[in-house]
Structure formats: C-alpha cells, structure tokens
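Could you put together the complete structure from these sequences and hints?
For reference, the chains in residue letters:
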Amino acid sequence: MIRSRKHPIAAIGLTLLCALLLLPIAFTFFYSFFPKTEMQAYLALRGRYDGSWLPILLSPKLFSLRQYYTILIEDTVYLRLFFNSLYYTVTILLGQAVFVPAMACGLSRFRFRGRELLFFTVLAMMLMPFQVTQVPNVITLRIMGLMNTSWAVVLPMWFTPFYIFLLRQFMIGIPSEMFEAGMVDGAGAIRGYFYVLLPVCRPVLGAALALSFADSWNMVEQPLVYLQNEATRPLSVMFNVLTDTRADIAFAGAALYILPTLILYFYFQEDILLGVQLSDLK
Amino acid sequence: MKKVAIRAGVILAVVLACSMFFAQTILTVTTPKIKYVQVAYRRFEEKVEFTSALYFARTDKIALPDAAKTPITVDRLYVRVGDLVNAGDTICTTRLSDDFQKSVDDASDALVKAREEYMQNEVANIKLVDHTDTDKNETFREVNDAGAALAQAQSEILGAAAKLGLVLPQDAAQWAALVQQQNDENLTALMETTLVAQTRVTAANQAFLDTYATSKTKKELYDFLNRRAELQRTVDRAQNTLVQLVATSQAMTTVRAEHAGYVLALALAEGETYAGGGPAYELSATEDPPVLRVDVSGRQRVFATGMRAEIQGEFGPLRTEVARVVREGVDKKYLHIALSSELISQLGGVRAMLEKGATVGVTYRAQDNTSVLPAAAVRTDGSDTTAFVYVAEETDGGLWGGSTVARKTPVTITDRGDKEVAVREDLRYSRVVYQEDRALTDGGRVMEYVD
Numbered sequence: 001m002i003r004s005r006k007h008p009i010a011a012i013g014l015t016l017l018c019a020l021l022l023l024p025i026a027f028t029f030f031y032s033f034f035p036k037t038e039m040q041a042y043l044a045l046r047g048r049y050d051g052s053w054l055p056i057l058l059s060p061k062l063f064s065l066r067q068y069y070t071i072l073i074e075d076t077v078y079l080r081l082f083f084n085s086l087y088y089t090v091t092i093l094l095g096q097a098v099f100v101p102a103m104a105c106g107l108s109r110f111r112f113r114g115r116e117l118l119f120f121t122v123l124a125m126m127l128m129p130f131q132v133t134q135v136p137n138v139i140t141l142r143i144m145g146l147m148n149t150s151w152a153v154v155l156p157m158w159f160t161p162f163y164i165f166l167l168r169q170f171m172i173g174i175p176s177e178m179f180e181a182g183m184v185d186g187a188g189a190i191r192g193y194f195y196v197l198l199p200v201c202r203p204v205l206g207a208a209l210a211l212s213f214a215d216s217w218n219m220v221e222q223p224l225v226y227l228q229n230e231a232t233r234p235l236s237v238m239f240n241v242l243t244d245t246r247a248d249i250a251f252a253g254a255a256l257y258i259l260p261t262l263i264l265y266f267y268f269q270e271d272i273l274l275g276v277q278l279s280d281l282k
Numbered sequence: 283m284k285k286v287a288i289r290a291g292v293i294l295a296v297v298l299a300c301s302m303f304f305a306q307t308i309l310t311v312t313t314p315k316i317k318y319v320q321v322a323y324r325r326f327e328e329k330v331e332f333t334s335a336l337y338f339a340r341t342d343k344i345a346l347p348d349a350a351k352t353p354i355t356v357d358r359l360y361v362r363v364g365d366l367v368n369a370g371d372t373i374c375t376t377r378l379s380d381d382f383q384k385s386v387d388d389a390s391d392a393l394v395k396a397r398e399e400y401m402q403n404e405v406a407n408i409k410l411v412d413h414t415d416t417d418k419n420e421t422f423r424e425v426n427d428a429g430a431a432l433a434q435a436q437s438e439i440l441g442a443a444a445k446l447g448l449v450l451p452q453d454a455a456q457w458a459a460l461v462q463q464q465n466d467e468n469l470t471a472l473m474e475t476t477l478v479a480q481t482r483v484t485a486a487n488q489a490f491l492d493t494y495a496t497s498k499t500k501k502e503l504y505d506f507l508n509r510r511a512e513l514q515r516t517v518d519r520a521q522n523t524l525v526q527l528v529a530t531s532q533a534m535t536t537v538r539a540e541h542a543g544y545v546l547a548l549a550l551a552e553g554e555t556y557a558g559g560g561p562a563y564e565l566s567a568t569e570d571p572p573v574l575r576v577d578v579s580g581r582q583r584v585f586a587t588g589m590r591a592e593i594q595g596e597f598g599p600l601r602t603e604v605a606r607v608v609r610e611g612v613d614k615k616y617l618h619i620a621l622s623s624e625l626i627s628q629l630g631g632v633r634a635m636l637e638k639g640a641t642v643g644v645t646y647r648a649q650d651n652t653s654v655l656p657a658a659a660v661r662t663d664g665s666d667t668t669a670f671v672y673v674a675e676e677t678d679g680g681l682w683g684g685s686t687v688a689r690k691t692p693v694t695i696t697d698r699g700d701k702e703v704a705v706r707e708d709l710r711y712s713r714v715v716y717q718e719d720r721a722l723t724d725g726g727r728v729m730e731y732v733d
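Same order as they appear, the protein sequences are chains A and B. Residues 1 to 282, numbered by our numbering, are exactly what the first sequence covers, in order. Residues 283 to 733, numbered by our numbering, are exactly what the second sequence covers, in order.
These aren't lab readings, by the way, just hints derived from the structure by calculation. The beta carbon of each residue, even a glycine, is placed where N, CA and C say it ideally should be. Treat the hints loosely; a few may be bogus.
[As the list claims (entries may be wrong)] Here are some of the chain A residues that sit facing chain B, going by a computed Cβ distance under 7 Å: (1) L72; (2) I73; (3) T76; (4) L79; (5) L259; (6) I263; (7) F266; (8) Y267.
[Unchecked claim] Chain B residues, not near chain A, derived (Cβ > 10 Å throughout): (9) A511; (10) M589; (11) T694.
Take a look at the structure:
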C-alpha cells in the first residue's frame with residue numbers, strides 16, 4: 001500500500017487521477033440540476049467542430065428540480081424502463097444465485113470424467129465476445145420460441161462463465177477439511193454445499209453479485225438483439241432514445257440510473273476487493 | 283458504509299415506488315382540465331330580442347270640422363281602440379251643446395219674429411194691398427203664372443224626354459227640333475204645351491214692361507212694397523239660418539265611420555266635449571294589413587327579408603318572418619314582421635297588441651358559412667382585434683408517449699353574439715377549448731375533463 005506520507009507525489013497523482021476518473025459522474029449529478037433551456041443550449045454546442053473547447057458550466061443560472069419531476073412524475077416512461085432494468089437484473093441475479101455457485105462447486109469439489117473439458121469450455125466461452133455467440137443464441141432462442149420475450153435476455157445470463165470461473169477459483173482455495181468436518185457431523189453433499197461452502201464463499205458471492213448487477217444493469221447488446229418491442233427493453237438500451245428528444249432530462253436520468261449501482265458498490269465494496277484478490281485476477 | 287448503503291437503497295426504492303404510485307395522481311391534479319368542442323362550420327345565427335309595436339302603413343285622422351263651430355258632447359261611444367269598423371258604422375252619438383240649442387232657438391225665434399213683422403206689415407197696409415195698381419199687379423201676377431206654367435211644362439217634357447232616353451240641352455230653342463226627331467205623340471204634345479207657355483211668358487213680360495212704363499205707384503204703396511220685400515228677405519234669412527242649424531244638428535248627433543278599418547285612436551270620450559282642434563278618431567286603411575314594427579336603427583347586424591321571427595305569445599312562441607326592411611331617412615331602420623289574421627287572434631287581437639305591443643325574436647343568419655365557436659372559446663388580449671383560441675392538439679413524444687397540449691391560435695372574429703362567435707379561420711377539424719379550470723399557457727399540457 002502506498003502511504004501518502006512517504007510517497008506524496010504518488011498520492012497526489014493518484015488523487016488527481018481518481019478525480020479525473022470521477023469527473024464524469026460528478027458532472028452527471030451536477031448538471032442534473034440545470035434547467036432545461038440552459039442544458040439544451042449547452043448540449044447544442046456538442047456539434048461544434050471549430051477547435052474550441054466545450055466550456056464547463058460551474059453553476060446553473062437557475063437551480064431546477066424540474067427534470068426530476070419530469071422523469072418521476074410527469075412522464076412515467078422513464079420509470080417503466082427503469083423497472084424493466086430492475087426486473088431483468090433481479091431475475092438474472094436470482095438465476096445466477098441458483099446456478100453459478102452450484103456449477104462452481106461441481107467444477108471445484110467433484111471429480112468426474114470430462115470435468116476439465118467442461119471447465120475448458122467455460123473458460124473458452126468466457127473469453128468469447130458476445131458478438132460471436134450472438135447468432136447461435138438467436139437461432140437457439142428462436143427454436144425454443146423465446147425470442148422477443150424476457151427469457152431471451154435472462155436465460156443466457158444465468159450461466160455467465162466469468163462468475164462460474166470466479167467462484168470456482170475461490171472454492172478451490174477452500175480446504176477440504178472443512179467439508180470433512182461437516183461430513184463428520186452428518187452433512188452430505190447438499191447440506192455441505194448450503195451450510196459449509198456458501199457461508200464461506202460469502203465475500204466472493206458478494207463481489208460476484210455486485211459485478212453481475214453492474215453487468216446486468218448496463219447490458220445493451222442482448223436486449224437490443226433479442227427484444228424487438230421497445231416497451232420491454234431496459235433503460236440501458238432506451239436511454240439514448242429517450243434523451244435524443246429530451247436532452248434536458250439526460251443528466252437527471254443518468255444520475256438516477258447510476259444510483260443503484262453506486263449504492264450496491266458501497267455496500268459490497270470490501271467484498272469486491274476481497275473477491276478480486278482471492279480469485280487471483282490481480 | 284454498509285448501513286449507509288442500505289439506507290440509501292431503501293430511500294431510493296421508496297422514492298421510486300412513491301413516484302410510480304403517485305405520478306398519475308400528481309399529474310391529474312397539476313394539469314389543467316379542459317373541455318373542448320368540435321367546431322361547427324355553418325352560418326352564424328343569433329336570435330335577437332326586440333320590443334315591437336303594431337304598425338299600420340297608412341292611417342286616416344278624421345276630424346269633425348263642424349265641431350269647431352258647434353262643440354259636441356259625446357253621449358255614447360260605440361267603439362274602442364282596436365275595434366274593426368265598416369264604413370257607416372256608428373262611432374258615437376252626441377248631444378248638442380246648450381249654446382247650439384240656444385242658437386237654434388234663437389234662429390227659430392228670429393224666424394217667428396220676422397214672419398210676425400211681415401204679417402203685421404201686411405195687415406197694417408191691407409187697404410193699400412186692395413188699392414194697389416191692378417194693372418201692374420195683374421201683369422206681374424201673369425208673369426209669375428206664365429213663368430210657373432212654363433216651368434211646369436218644361437219639367438214635364440224633360441221628364442218625358444228622359445223616359446225616352448233623350449237628354450234635352452239647356453238651350454230650350456233646340457228642343458223643338460229634337461222632339462220632332464223623336465216622333466212621339468206625347469212628347470210632341472208636351473212640346474206644344476211648352477211652346478204655348480213660352481209664348482205666354484213672352485207676352486206677359488211684354489205686358490208687364492208696358493204697364494210698368496206707364497203706370498205710377500203711390501208713395502205709400504211703394505214704401506209698403508219695399509218694406510214687404512225687406513221683411514221677406516228677413517224671413518228668408520231667418521229660415522235659411524234655421525234650416526242650416528237643423529241640418530248641422532242632424533249631422534252632428536251621430537258620428538259614423540267614413541270607411542272600414544281598425545280604430546287606432548279616439549279623441550272622443552263619453553261625457554266629454556269635443557270642440558275640434560284635432561282629429562276625432564283615427565282609422566287604418568283596410569288595404570294595408572297591420573305588421574309588427576321593430577326598430578333596428580344603429581344595429582350592426584344586417585337583417586334581411588325572410589329571416590325567421592318568433593313572437594312571444596301567451597302559450598309559446600309563434601313563428602313568422604321578416605316581411606320588409608324599411609329605411610326612414612338616414613338613421614332610422616325598421617323591420618316589418620308579417621302578421622296573419624291567425625297570428626293576430628293568437629296574440630289577443632289588435633286591441634291587445636295596440637295596448638302592450640309584443641316581444642319579437644328575430645333570428646339573424648349570416649350569409650356565408652364560417653367556423654362557429656362557443657363565445658367562451660374565443661379570448662382576447664385586451665383589444666378587440668387580437669383574438670385567439672386554444673386548440674387541443676395531440677403530440678407524439680415518441681417513446682415518451684403522447685400528450686395533449688393547448689396551442690394558441692389567432693383568429694379573426696366576423697360575427698359575435700352572446701353565446702356564439704363566428705371566425706374567419708377554418709377550424710372544422712380542430713378541437714377548440716371552451717372551458718378550463720385554470721389559466722392555460724401556449725404549449726402547456728392539458729387534460730380532458732371527464733365526469
């Protein structure tokens with residue numbers, strides 16, 4: 001750990017870097033209180049290519065909460081899409097909570113023929129970009145009759161390879177004596193899974209949950225491809241369309257959209273760091 | 283940190299949930315509610331109420347000229363204002379004034395007195411009458427007799443000729459030739475008689491002239507004859523005066539209608555004296571039926587013949603129409619509302635209409651079709667020329683969904699009434715706001731009011 005007293009330059013540099021990285025989020029929240037006319041005029045400067053810099057607005061001419069009123073009260077389409085995002089995220093997390101730890105446990109705790117091949121397949125799928133698997137997914141979903149339904153988005157996400165890998169790597173590090181102690185007490189495989197393994201994996205589960213939440217909350221490609229009905233798409237996909245005609249609520253909508261992720265991050269902050277460490281990904 | 287995150291998460295969830303739950307309620311409460319109307323495209327109509335009076339185009343004001351000389355006191359009145367009379371119907375009976383009766387008595391006394399004086403003169407000079415110049419008298423009598431005989435013969439021949447269809451001229455010298463042409467025995471005989479009478483008159487006149495030239499009358503006789511002639515003239519004057527007075531009284535005791543018509547005014551009343559100085563009564567001309575006249579002077583509306591009119595009767599409105607539009611002078615303009623006999627009877631008759639008039643509603647109708655809106659829909663900015671309406675438009679916000687907004691649209695008023703306004707712009711396919719629960723703004727969101 002770099003201590004700021006011994007390495008002040010590094011500390012200052014990193015602080016500045018952090019500030020720079022946090023600047024977009026800060027601007028999002030800051031500009032969300034600017035009135036509609038001022039924000040529309042400011043955003044109209046984006047198309048200017050005369051070499052001049054985009055000015056930074058430091059304070060609004062008139063502090064306004066009208067934008068929040070618009071998206072929360074006046075036009076509920078934002079909230080409908082917000083809850084679409086929430087629905088998909090929660091459904092995906094619930095499914096992942098059922099399948100991912102179980103698959104990780106199977107790949108780490110049990111020895112069976114084809115285990116390594118299966119693990120290799122998981123690794124390979126983890127490395128493949130979405131665009132590669134998109135077409136087979138579409139065909140599969142069409143055959144199953146799930147296209148243009150929420151299952152088309154949710155089902156593939158229940159078996160995300162990265163979290164299987166993450167949990168599997170953590171579970172390998174758990175000593176087998178803990179399971180044997182449980183077996184001595186009469187716990188079988190299932191009870192050992194629920195009462196021994198999962199409590200021990202709480203930190204990495206938290207990390208996985210947070211990361212998975214962020215993934216699901218921000219997913220764009222899957223709903224764009226699998227859902228034709230705009231009313232069923234999540235806010236991550238429709239946000240650009242919404243703010244295309246209503247630039248005044250762009251920042252307010254974005255600020256509101258960031259909040260759940262931020263809250264979840266603050267809650268699982270330590271688990272995320274611990275989980276990343278324990279999975280040897282640093 | 284976890285607790286802070288949990289609290290923040292809970293607060294966010296509550297805010298979002300409350301927003302979802304109360305959003306529509308807040309929108310409903312904060313959005314102006316409107317009622318709109320689909321604009322009609324038709325002729326602007328407005329019913330305008332007027333107070334009308336019964337009107338006759340021509341009236342005759344009839345005076346009694348003799349009343350100026352002999353005032354009359356109305357004894358009994360047989361008609362009232364509004365009655366329909368025929369020619370010769372009795373208007374009233376009168377009694378002559380005491381002064382007139384006194385003048386009749388005076389005239390009668392004067393005649394009696396004149397006759398008495400005449401007779402006294404005759405009696406006082408009876409001897410002179412006997413010893414008057416016989417020749418002159420005889421010739422004078424002969425002249426009178428011959429003249430009377432000639433007059434009688436002429437009268438008979440005129441009557442006989444008239445029966446035969448022959449009109450004899452005034453010049454009697456032409457009669458013989460005309461009678462001869464008729465070849466009628468009776469007529470011829472009468473002509474001979476007339477000729478004989480004419481000859482006799484000629485001879486008598488000549489004889490009188492001859493006698494007058496030669497004879498001399500005594501002074502007393504002369505004076506007597508002069509006095510007699512003077513008294514005779516006095517008697518004649520007295521008699522003429524009395525005859526005139528009696529004839530006047532005959533004419534004045536019964537006042538009759540000169541022609542048929544409605545009695546429009548009466549200056550006569552029972553027990554009151556009428557001394558001339560103005561018309562005694564007023565009659566309408568029967569060939570002009572009565573109408574209801576409405577004063578529309580100064581009105582900006584252009585009323586025309588044929589426009590629908592309704593007269594407020596006792597049991598409801600009665601339909602009729604505008605018969606004529608009449609201008610009198612530069613400023614005055616009237617509508618004549620047609621009245622049939624059935625309408626007049628339904629309105630209580632001419633008498634009732636003369637007493638109280640009638641309320642008439644004339645429906646003004648514009649000539650061209652325009653957009654007609656409720657008056658509440660048209661607003662102004664303070665001056666009459668800048669009028670506007672709010673039109674409810676559906677906007678498509680794309681993913682944001684549609685909403686109804688109020689758009690301010692300027693209009694030009696062509697006709698304005700109490701309940702409706704006609705504008706020049708074609709707003710047939712527009713929904714115009716005519717009622718709202720709070721002030722509207724151009725482009726502001728609105729919501730239709732639903733019970």
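So, going through the hints one by one against the coordinates:
no.	hint	in the structure
1	L72	holds (4 Å)
2	I73	holds (5 Å)
3	T76	holds (5 Å)
4	L79	holds (5 Å)
5	L259	holds (6 Å)
6	I263	holds (5 Å)
7	F266	holds (4 Å)
8	Y267	holds (4 Å)
9	A511	holds (128 Å)
10	M589	holds (52 Å)
11	T694	holds (33 Å)
Violated hints: none; the structure is consistent with every hint.
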